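Position chains B and C with the ligands relative to chain A; hints supplied.
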Amino acid sequence: MNQVMAPGAEAALPASEPHEGLLSWVASVDHKQIGIMYMLGALVFFGIGGIEALLMRIQLAVPNNHFLPPDAYNQLFTMHGTTMIFLVVMPMLTGFTIYLVPLMIGARDMAFPRLNALSFWIQIFGGIVLYFSFFDGGAPDNGWFSYAPLSENAFSSLPGQNYWLLGLAAIGIGSLSGAINVIVTVLDLRAPGMSLRRLPLFAWMAFVNSWLMVMALPVLNGAIVMLLIDRLLNGNFFTPASGGSALLWQHFFWAFGHPEVYIMILPAFGIISEVIPVFSGKPIFGYGFVAASTVAIAFLSLAVWGHHMFAVGLGHLSEVFFGAASMAIAVPTGVKIFNWSATMYGGRIRFTTSMMFAVGFLLMFTIGGLSGVSFAVVPLDWQLTDSYYLVAHLHYVLFGGSIFGIFAGIYYWFPKITGRMLSESWGKWHFWLTLIGFNMTFLIQHLLGMMGMPRRVWTYPALPDWAAFNLISTIGAFLLLLATLVFIWNLFISVQNGAPAGDNPWDAWTLEWATTSPPAVYNFDRVPPVHGRRPLWDLAHPEMADEAMERAARS
Amino acid sequence: MPEISTLNPLSPFAAQISHLFVAMLVVLGAIFLLVLGIVTYAIVKYRDRPGAPPPRQTFGSRNLEIAWTLGPIILLAIIFVFTVQTMRASDPPISADDPLQLRIIGHQWWWEADYLKSGVIAANEIHIPVGQRWLLDLESADVIHDFWVAELVRKIDMVPGHPNHVWLEADRPGTYFGVCAEFCGNEHAWMRFRVIAQPLADFQRWQQAQLRVPPSPTGGAAAAGLKLFEHNTCVNCHTIAGTPGNQQIGPDLSHLASRTTIAAGAADNTPGNLYRWLKDPNSIKPDTHMPNFQLSDADAKALTAYLETLK
Amino acid sequence: MMSRSKLATSLFILSEANFFAILIIAYVYYHAIGGGGPTARNSLDPWRTGAFSVSLFASSVTMWLADRSLRRGRRRGHQLWLIVTMLLGAIFLVGQGTEYAHLILSGVTWSANLFGTTFFTLTGFHGLHVFAGLCALAIVTLVAQTGELTERRRQAFEAVGLYWHFVDGVWIVIFTIVYLWAFI
Ligand code: HEA
Ligand code: HEA
Ligand code: CUA
Ligand SMILES: [Cu+2]
Numbered sequence: 085m086n087q088v089m090a091p092g093a094e095a096a097l098p099a100s101e102p103h104e105g106l107l108s109w110v111a112s113v114d115h116k117q118i119g120i121m122y123m124l125g126a127l128v129f130f131g132i133g134g135i136e137a138l139l140m141r142i143q144l145a146v147p148n149n150h151f152l153p154p155d156a157y158n159q160l161f162t163m164h165g166t167t168m169i170f171l172v173v174m175p176m177l178t179g180f181t182i183y184l185v186p187l188m189i190g191a192r193d194m195a196f197p198r199l200n201a202l203s204f205w206i207q208i209f210g211g212i213v214l215y216f217s218f219f220d221g222g223a224p225d226n227g228w229f230s231y232a233p234l235s236e237n238a239f240s241s242l243p244g245q246n247y248w249l250l251g252l253a254a255i256g257i258g259s260l261s262g263a264i265n266v267i268v269t270v271l272d273l274r275a276p277g278m279s280l281r282r283l284p285l286f287a288w289m290a291f292v293n294s295w296l297m298v299m300a301l302p303v304l305n306g307a308i309v310m311l312l313i314d315r316l317l318n319g320n321f322f323t324p325a326s327g328g329s330a331l332l333w334q335h336f337f338w339a340f341g342h343p344e345v346y347i348m349i350l351p352a353f354g355i356i357s358e359v360i361p362v363f364s365g366k367p368i369f370g371y372g373f374v375a376a377s378t379v380a381i382a383f384l385s386l387a388v389w390g391h392h393m394f395a396v397g398l399g400h401l402s403e404v405f406f407g408a409a410s411m412a413i414a415v416p417t418g419v420k421i422f423n424w425s426a427t428m429y430g431g432r433i434r435f436t437t438s439m440m441f442a443v444g445f446l447l448m449f450t451i452g453g454l455s456g457v458s459f460a461v462v463p464l465d466w467q468l469t470d471s472y473y474l475v476a477h478l479h480y481v482l483f484g485g486s487i488f489g490i491f492a493g494i495y496y497w498f499p500k501i502t503g504r505m506l507s508e509s510w511g512k513w514h515f516w517l518t519l520i521g522f523n524m525t526f527l528i529q530h531l532l533g534m535m536g537m538p539r540r541v542w543t544y545p546a547l548p549d550w551a552a553f554n555l556i557s558t559i560g561a562f563l564l565l566l567a568t569l570v571f572i573w574n575l576f577i578s579v580q581n582g583a584p585a586g587d588n589p590w591d592a593w594t595l596e597w598a599t600t601s602p603p604a605v606y607n608f609d610r611v612p613p614v615h616g617r618r619p620l621w622d623l624a625h626p627e628m629a630d631e632a633m634e635r636a637a638r639s
Numbered sequence: 398m399p400e401i402s403t404l405n406p407l408s409p410f411a412a413q414i415s416h417l418f419v420a421m422l423v424v425l426g427a428i429f430l431l432v433l434g435i436v437t438y439a440i441v442k443y444r445d446r447p448g449a450p451p452p453r454q455t456f457g458s459r460n461l462e463i464a465w466t467l468g469p470i471i472l473l474a475i476i477f478v479f480t481v482q483t484m485r486a487s488d489p490p491i492s493a494d495d496p497l498q499l500r501i502i503g504h505q506w507w508w509e510a511d512y513l514k515s516g517v518i519a520a521n522e523i524h525i526p527v528g529q530r531w532l533l534d535l536e537s538a539d540v541i542h543d544f545w546v547a548e549l550v551r552k553i554d555m556v557p558g559h560p561n562h563v564w565l566e567a568d569r570p571g572t573y574f575g576v577c578a579e580f581c582g583n584e585h586a587w588m589r590f591r592v593i594a595q596p597l598a599d600f601q602r603w604q605q606a607q608l609r610v611p612p613s614p615t616g617g618a619a620a621a622g623l624k625l626f627e628h629n630t631c632v633n634c635h636t637i638a639g640t641p642g643n644q645q646i647g648p649d650l651s652h653l654a655s656r657t658t659i660a661a662g663a664a665d666n667t668p669g670n671l672y673r674w675l676k677d678p679n680s681i682k683p684d685t686h687m688p689n690f691q692l693s694d695a696d697a698k699a700l701t702a703y704l705e706t707l708k
Numbered sequence: 088m089m090s091r092s093k094l095a096t097s098l099f100i101l102s103e104a105n106f107f108a109i110l111i112i113a114y115v116y117y118h119a120i121g122g123g124g125p126t127a128r129n130s131l132d133p134w135r136t137g138a139f140s141v142s143l144f145a146s147s148v149t150m151w152l153a154d155r156s157l158r159r160g161r162r163r164g165h166q167l168w169l170i171v172t173m174l175l176g177a178i179f180l181v182g183q184g185t186e187y188a189h190l191i192l193s194g195v196t197w198s199a200n201l202f203g204t205t206f207f208t209l210t211g212f213h214g215l216h217v218f219a220g221l222c223a224l225a226i227v228t229l230v231a232q233t234g235e236l237t238e239r240r241r242q243a244f245e246a247v248g249l250y251w252h253f254v255d256g257v258w259i260v261i262f263t264i265v266y267l268w269a270f271i
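Chains as they are written, first to last, in the working numbering: chain A, 85 to 639; chain B, 398 to 708; chain C, 88 to 271.
It is possible that part of the hints are untrue.
[As the list claims (entries may be wrong)] Covered stretches of chain C (in silico footprint by chain A; criterion: 3 or more residues with CB under 8 Å from a CB of chain A, positions within the stretch not fixed):
1) 97-103
2) 109-118
3) 195-204
[Stated by the list, open to error] Derived Cβ-Cβ restraints for the label pairs, each shown as a range:
4) A:318 with C:240: 43 to 51 Å
5) C:137 with B:486: 51 to 59 Å
6) A:376 with B:478: 23 to 31 Å
7) C:137 with A:372: 50 to 58 Å
8) B:451 with C:90: 42 to 50 Å
9) A:383 with B:424: 25 to 33 Å
10) A:379 with C:223: 32 to 40 Å
11) B:558 with A:379: 36 to 44 Å
12) C:132 with A:379: 41 to 49 Å
13) B:451 with A:604: 28 to 36 Å
14) B:468 with A:562: 38 to 46 Å
Hint data in this document are derived by calculation from the structure and do not stem from the laboratory.
None of the values given here were measured: they were computed from a predicted structure.
Note that CB positions come from ideal geometry on N, CA and C, so glycine has one too.
With the rest of the complex left out, here is chain A:
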């Protein structure tokens, strides 16, 4: 067996400086430690963002409620959305990426380990700046897209909005440098034999995703700079009173914001593309199509931002264009859904908690995607935009999609990361409570939206059925609290007492399972040879090695 040295060995040097305890984390440039810190940070913020959501749900539980004053409510939904997007889903997926990509491609570390640490700390700094606003006159309260002119000095004179801008600028710069690091790592540090066409799908999607970040995040930063200039230097970019355009901000924000929503789903697609094959005992169905559809989604996502602006009066012509482009995204996404289903078909499916979350993802994300298509049908958007139907859509794709995917990934890779298994019985409780709580919270919001309930209202009149439906939604949110507590409890006990995992508890195939759990600082002693997409499968079944089988199947 001809094993080889892992590429990137020289880059990993700084990690070998000995540090003890906490300092070994703070000063770390090891991609695994940084990846774990990303994930832990995201988990803490998930708790914070979740508590913000619960406070909102309490306020909305009954009509004409006065539990919260309006400005507190507005700060909550702004911080909830901003936190969940920029401090939970993005860093969580980045954490997976930073932790896994070097392992999956058989490298010792990222291409630039120090930059990697810097990217992380910049983002933490951004999060702290954002939350510091609470101590300086109140959090930002203009929603996660801070439409001008509401976000301009004339209507938001408190500094909260500035904290939002500065915090997001920092997070943007941090994620951007992280993305560049990932691209270079994938291009430069693959083990011999690991051609781009043999990349594990998670690594592939993280790679494509990083390109999307390089394209989209500078747009956010450009827009932020302009709004900051308006606010701090009395500029005129988005102030209609002095000729500025309120719509230009929307164009800029969504030219970033729409790619952003795919930035939040592509790595989750990647997780699902690893989990479903392993627990079905089959290779992914249609690797090439799953990989290529990712690229198609990334490209299309740059050209659909106008679908967030169907109500502003863009004119039918551009609305038709953006509507068609948005519908087009359903095609490559559908390709993925069908390929995942086909992977399960004819397999031998092991219902681990990870797999259950993956199947949950498949169904919940499909619901969210389909409601997305109903927005792409322009006249429906004219009715449904900015109603609770939209709130339902975004949670089905972001929670039912991204968060379910993240949970699948955590149950799948936790043994690798810690060397211990998560409890499956607690895991099943977590899954079922999440599934039920999630649907209870958000399914009914589709109806509320159709019945005319706008989003971002701190209270509402007692119209027929509104009270009952909102109460159901609130109860569902508390089930989600219970589910999350079960999850945290599971993490807590399993880190200490979980069954030892061994190198490869799931009989998985990608390179991260070839090393110890948890992996040593230098990742691999020797990288196994890579002759196909499933190196460990090929090792275990030399007579059925993938490339040969695939060639045989084709001919």
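What follows is chains B and C with the ligands alone, placed relative to chain A:
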């Protein structure tokens, strides 16, 4: 069965959207059931059982890939055709000589309605004649608002510096709930309004009444109230025909008593609520831009009495 | 295959290009709208700025000469050309500084009107990038004075050179749009 308002259209425009919506719900539901069916079948049939054979290693199928790429493309192409058709039907093009009837101006957090033909200025309650197709001009005095009456008309933003137009029509007489659908600051929740569609004769009667200058009360509390109105800062923000007040910073009060709610739907228009409003607007609508004048009980009573005369 | 640092620099440049694209779009969009007050036409001097721009363009040439010297192993030449590059870049910045001073004294400021806001934002961010490039060049020049020429250093030199050419290229676009377009 709840009365789901987007599915309960009462104008030709909303009806077009609603029909397409129902059709889409069926199509999308069918797609979901398809995926659900495949997944359920796989889960049940292929779940790991002791002694099950090792699964066959299959890598894909070109034909299937083509099928599930082309299928959605064709379906979406059909949906697209209906999309474009419905856009035109539910938001018909406007030509230069269509007369503007009504200008709606969004304010933080109430609605001004200027009747361009008759000169009536109303607030928070928009009367229209039933069965007539009116062209509206939508503007904003401050931030972005959004005009939405689910049963009658699509959402359309009111963007400062970017006027929009929309058709409004109601098939049947009635009162329809409207609401601001774009987040516009603290009291976005209580930026509601009503569209009251009336038979033409009733509408004209209403319009005549709105044009009348309200008679000044000559005695009692109401007359004292009028004095208070004229000598307090009220006139800096509000209009009452026949008084020095002619500003539109707050709603036009000339015919306040003819409205069903105050403060853009935050409370019913009763003497008690009006009194409470004048004493402490925040108690009815927190963070409203109407200031609290710390009026004495007597002054507030007098003002209420006066405002109640403004039929 | 590109060197690792050159690859990373190229990606960074791609992101910077996207950033500038947004600022340029804002400038062009408002240019089309116009409005009262100062405009590019009535407040800018394309000849004067053109002269300083030549200095920046020339610095790209000297940067290229520096790279070439390095490739040919002439380390003194490399160092000299780097210094010339820095000087030329600095001249450009001085030109921009005096231009700003002149404009601001005559009442053309950030907040004056849309032209002021978009003009200062766009050219100001470019100026900041030139300044950052100068800092990078200064470090590189200092490093070049000392010690061995390792592969790592060679890559760093290359990367800074690439970045400098980019800053220069962006100015060609900005100069054309802001200074030339207004006068045709
Ligand atoms: C993870 C994030 C994520 C993802 C993946 C998506 C996916 C999609 N989204 Fe969503 N979207 C958001 C997050 C996301 N969205 C958020 C956060 C907002 C709100 C922002 C805000 O205002 O706060 C939003 C808002 C939003 C709007 C604006 C609504 C409005 O403001 O009025 C629109 C409009 O077109 C839209 C469309 C779509 C479409 C067409 C997809 C498609 O990609 C979906 C594709 C998937 C499928 C269609 C399902 C699977 C496919 C098949 C089974 C094949 C067969 C299907 C067909 C033939 C139809 N989304
Ligand atoms: C990934 C993204 C994400 C996620 C996971 C969630 C999760 C949830 N969201 Fe969120 N939501 C958004 C993204 C997300 N949301 C966005 C982008 C918006 C739009 C914002 C805007 O309009 O600007 C929004 C808006 C939004 C609204 C609309 C507000 C409005 O328009 O007025 C509502 C209302 O019900 C809501 C509810 C919830 C609920 C109940 C959850 C629940 O699922 C939460 C469940 C989690 C918990 C209950 C956490 C449990 C806490 C602990 C266990 C504590 C442990 C402590 C530590 C670890 C420190 N969300
Ligand atoms: Cu006006 Cu919301
Ligand atoms: Cu979008």
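Here is how each hint holds up against the structure:
| no. | hint | verdict |
| --- | --- | --- |
| 1 | 97-103 | holds (count 5) |
| 2 | 109-118 | holds (count 5) |
| 3 | 195-204 | holds (count 6) |
| 4 | A:318 with C:240: 43 to 51 Å | 45 Å, holds |
| 5 | C:137 with B:486: 51 to 59 Å | 56 Å, holds |
| 6 | A:376 with B:478: 23 to 31 Å | 28 Å, holds |
| 7 | C:137 with A:372: 50 to 58 Å | 53 Å, holds |
| 8 | B:451 with C:90: 42 to 50 Å | 46 Å, holds |
| 9 | A:383 with B:424: 25 to 33 Å | 26 Å, holds |
| 10 | A:379 with C:223: 32 to 40 Å | 33 Å, holds |
| 11 | B:558 with A:379: 36 to 44 Å | 39 Å, holds |
| 12 | C:132 with A:379: 41 to 49 Å | 47 Å, holds |
| 13 | B:451 with A:604: 28 to 36 Å | 32 Å, holds |
| 14 | B:468 with A:562: 38 to 46 Å | 41 Å, holds |
When each numbered hint is compared with the structure, no violation occurs for any of them.
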